[in-house]
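Participant: With chain Z fixed as given, assemble chain G onto it according to the hints.
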Amino acid sequence: MIVSNTTQCYHCGDAVSHTVFEADGHRFCCLGCQSVYRILSSSNMQQYYRYNRHPGKKKSEVSTRYEYLDEATLTDKLIDFRNDEITIATFYIPSIHCSSCVWLLEHLYKLNPAIVVSRSDFLKKQVNITFKHTELTLRGLVELLVDIGYEPKITLQDVIKEGQKFSQKGLIAKIAVAGFCFGNSMMLSFPEYFGMGTFEAHYAKIFGWMNLGFSLPVLLYSGRDYFRSAWQSLRHKTLNLDVPLALGIAVLFARTAWEVLSVSGPGFADTLCGLVFFLLVGRWIQQRTYHHLSFERDYRSYFPVAVTRLSEDGPKPVPLADIQVGDRLLIRNNEIVPADAILLNGQAAVDFSFVTGESEPVQKVLGEIIYAGGRQTGEAIELEVVKAVSQSYLTRLWNNEAFKPHELNFRTFSNTVSRYFTVVLLGVAFAAMVFWVFAGDTARAWGAFTAVLIIACPCALALSSPFTLSAALSIFDKNRFYIKNTAAIEQLAAIDCIVFDKTGTISSPVASRMRFEGNLLTDELALVVAACKNSNHPLSRELVKWAAPNVSGSVPVNQYCEVAGRGIEAVVANRSVRVGNAAFTGVPSGGGTGSRVYVSIDDEVKGCFLAEQPWRENLHVVLGELAAGCHLHLISGDNDKEKALLRGIFPPQADLLFNQLPVEKMEYIQSLQAQSHRVCMLGDGLNDAGALKQANLGIAVSDDINNFSPGCDAILDGRSFVKLPRFLRFAKDAVKIIHLSFGISLTYNLVGLSFAVNGTMSPLFAAVLMPLSTVTIIGFTTVATHLYATKNQLIKRQ
Amino acid sequence: MSAIFFLIGCSVFIALIFLVAFFWANKTGQHDDTYTPSVRILFEDEVQEETETLPKES
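Protein chains in written order, with the working numbering: chain Z, 1 to 798; chain G, 1001 to 1058.
Honestly, the hints are just simulated from the structure, not real lab data.
All the given hints hold, so there is nothing to weed out.
Sample of chain G residues at the chain Z side, in silico, Cβ under 8 Å:
| no. | residue |
| --- | --- |
| 1 | V1012 |
| 2 | A1015 |
| 3 | N1026 |
| 4 | D1033 |
| 5 | Y1035 |
| 6 | T1036 |
| 7 | V1039 |
| 8 | L1042 |
Pairs of lysine-lysine, BS3-like flavour, derived with a Cα cap of 30 Å:
| no. | chain 1 | residue 1 | chain 2 | residue 2 |
| --- | --- | --- | --- | --- |
| 9 | Z | K110 | Z | K58 |
| 10 | Z | K478 | Z | K736 |
| 11 | Z | K110 | Z | K125 |
| 12 | Z | K153 | G | K1027 |
| 13 | Z | K723 | Z | K641 |
| 14 | Z | K169 | G | K1027 |
| 15 | Z | K125 | G | K1027 |
| 16 | Z | K796 | Z | K125 |
| 17 | Z | K110 | Z | K77 |
| 18 | Z | K796 | Z | K736 |
| 19 | Z | K132 | G | K1027 |
| 20 | Z | K237 | Z | K736 |
| 21 | Z | K58 | Z | K723 |
| 22 | Z | K153 | Z | K125 |
| 23 | Z | K124 | G | K1027 |
| 24 | Z | K478 | Z | K796 |
| 25 | G | K1027 | Z | K77 |
| 26 | Z | K124 | Z | K478 |
Reference listing, derived: stretches of chain Z covered by chain G, where coverage requires no fewer than 3 residues with Cβ under 8 Å from a Cβ of chain G:
| no. | stretch |
| --- | --- |
| 27 | 96-104 |
| 28 | 121-135 |
| 29 | 178-185 |
Note that the structure is predicted; figures quoted are calculated from it, not measured.
A virtual CB, placed ideally from N, CA and C, is assigned to each residue, including glycine.
Here chain Z stands alone, though its shape is the one from the complex (with noise of 0.2 Å):
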C-alpha cells in the first residue's frame, strides 16, 4: 500500500503525503474521510474496509442544509409508506459504486437502532430504508447517510418520477407466454415433420387442436401489439414494419386455422409462435434502460426542492412550488437562485457558469435583478420574487413549445424500407394469386397467396435493427457514452454538422491548469499549501495538489478560519497567511481572465494563483479528424477574449460564435436545421438546454455522469471525449451492418418466394427457414458489431 514516501488515504484512496489526520495509525487525506472512519469505528464497523481497500468516496465541499425535511408537506412526496410506527423511503445514491457501499447501507441499523432495514440495489444505486419515524425523523436520517458519506440526491423531479417507473414486465410476460406456446407447439409438430405412420394418422388431428390452441394465445395476447402498431401506422396513412408483421402474423393463424379445421393439412402454429417469440425478444432487446442515468432531466432536477422563505415567524423552508412573487428569500452559499428575484440585502456574487456559459461570477448591486438558476457564492443574501419559478427566464426556455418538430419527421432505415417492402410484398402476393387463378388452379391461388405473406413475413429484417443497434449501444456504453436509446445511433450516423459549447464541453471543468503570478518563495509556497489542506474548497484542492510536489515537510497551523465564498485565513508558523478573492485579500480589483487566488503573507499580496481550465485532452487531433466528415461550429455564451486562441484549435472552415443568449444558440441550431444539416448538438450546461433538445442529436458532456445533465439523447463522459470521432465512424459502421443484414434476410425471402409463388411450400420448410433467417442474422449482427467495434478501436482485440 506504501509507495514511497506518500501513502493512500484510507478511506477513499487519495495520495497523502503530510497529513494531520490520523486514526488508529491510518491515514487520511482531509477532516471528511476521517471523521467517516470514526463514525464508522466507534460502530464497530471497520469491515466496510475490508471488502475494499478504501471504498470511500471523498465528500462533496458543498453542504447542503437539510431543514425542508421537517416540512410534513414536503416529505409526503419524498416517502414510500408510513404508518403509526414506521416509515419506509427510498433515496437515490449517486456514490454507490462497490460491495462495501451495499455492505454499509445495509447494516445501517448498527449505526442507529431506530433504522429497521436497509436494502440497497445496486445497478440503480438506490437504498430503501425502514425506520421508525418516533425515533429518527427523515432529516435525521438523510444526515446520517450524508455523514457516512453517502449523500441522497434529493430534486423535485425524482420526487415527481415515483409515479411514472418505466416498466417491461408486460413485454417480458408475453415473451413468456409465445415462447411457452413455441415449445409446446413445436414439440406436437415434430411428429408431423418426421412422418407419421398410417396407423398413427388419428393423433395428426389431435395434435393439429392442440397446436392451434396454442396459437391462440399467441394471437391474440403476445402479438396483440403488432396489430394494434399496424392499425395506428394505417391510420396515419404510412406504413411502418408492424403492417407486414402484422399481416404475416393474421395469414398465418388463418391458414393454420382452416388446414386444421378442414383437416387439409398440419398448420403453421410452430411458425406463428416462433415468430411471435423472436419478434418480441427483439422488442425487448432494443429496450434498454439505463437505471442510473436520467436523459429526461429539466429545470426540477437542477433547482432545490426547497428554499428558505423569511416571513414574520422568521426564516422557514417552502416547496419550491409554493413560492409566490413578492416573497422573500434567503440563499445562503452555493445555494441557487430559484426564480428570477431582486436583491434587497447582501452581497451578491453570483455564478451563473451553468446557465450561460459566463465563467466569472457576477456581481450585482441592491435592487438588480438575478435571474433564476444562478448559485450565490459568498455571504447570505436576501431576494424579492418578482416571478414564479415556472414563469423565470430559464423555466420558459426550457418549456419552450417549439422544441423537436424533426422527430417525427426522422425515419429510421427500417421505417424507411417497410413502405416499399410492404407495397412488393403485396404486389407479389396478388401476382402470383392472379396468376393461378387464370392457370384454372384456385386452390393452388389461395395456397400461394398466403405462403407468398407467411414466407416475406420481414421477422429477420424486423430484428436486424434492434439486434444490430442494441449490440452497438453496449459498446458505446462500455466506451462512457450513453446513448437514449436505439433510434439515436442512427440519427448520430446520419450527422454532418457538429456544434459544439465552449466551457465545460472542450474544455475540462474536472483537470485544472495552474500558475502562479508574483513572487512567492518556497518556504511561503508550504505555509500557504499547509493552509489550503485544511479547506474543501476546490480551488484549495486544486492548489494542493499542484503545489504540493514542491514542498518538502509540513508546516503546523496554529489557527485557521474559513469565510464561505471568500477565503482563508490562517496563521501557519507564526504568519498570518490569506487566501483568496481579491477584495478578502486585499486587493484592489480582480480583473484578468479564469479563476484566480490571491495569497497575502503577513498583509503583503504576493501574488495570486491562476486555474485556468485546460481545452480536453487531444482536441485539435478531435477536431481535426471530426472535420473530415462534418461542418463544424462553436457558439459560446462566453466572451471572445479565447477567439484567436480557439481559432488555431478548430479547421478554418469552422464557424466560431461567442457572446450568445441561450435563446440564441437554439435559434442558431434551427438555421441550421433549415437549412437541412443534421445537427448534432454539444453542450454540458443549462444554457445549451434548449439548443441540445433543437438539435436532431443533443450530446450533454459530463464529467460526472451522476450529477446534473441537461435533457439530451446522450450523455457522453468527459474522459471518452477524445474517442468522439471513433464513436461518429462505428455509428455509421452499424448503419451499415443494418443495411447488409437486410440483404441477407431479403435473400432468404427470395428463396422462400420461389417456393411460395409456386404455392409448393410445406409447413416443415416454414418453420425450418424461418428460425435460420433469425438465427443468420442474430449471428452476422453479433459478430460484423464486434468487428467494426475492433476496428475503430472501441473494444480490445483478444
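Facilitator: Just chain G, lined up with the frame of chain Z:
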C-alpha cells in the same frame, strides 16, 4: 395409445406450472434487481437474520 395422451397432458401441465412460476416471480419483483444479491451473498453473516425478514419492496 392413451399413454401418449396422458404423457402429452403431463408435459403441458408441467410446462404450465413453470409458466405460472415465472409469472409469479416476475410479479413479485424477483427480476427487478439481478445484481445486488450476488454481492450480498458474499458478506459474512453476523446478525444477518434481521435483514432477511424484511417487508417486500413495493
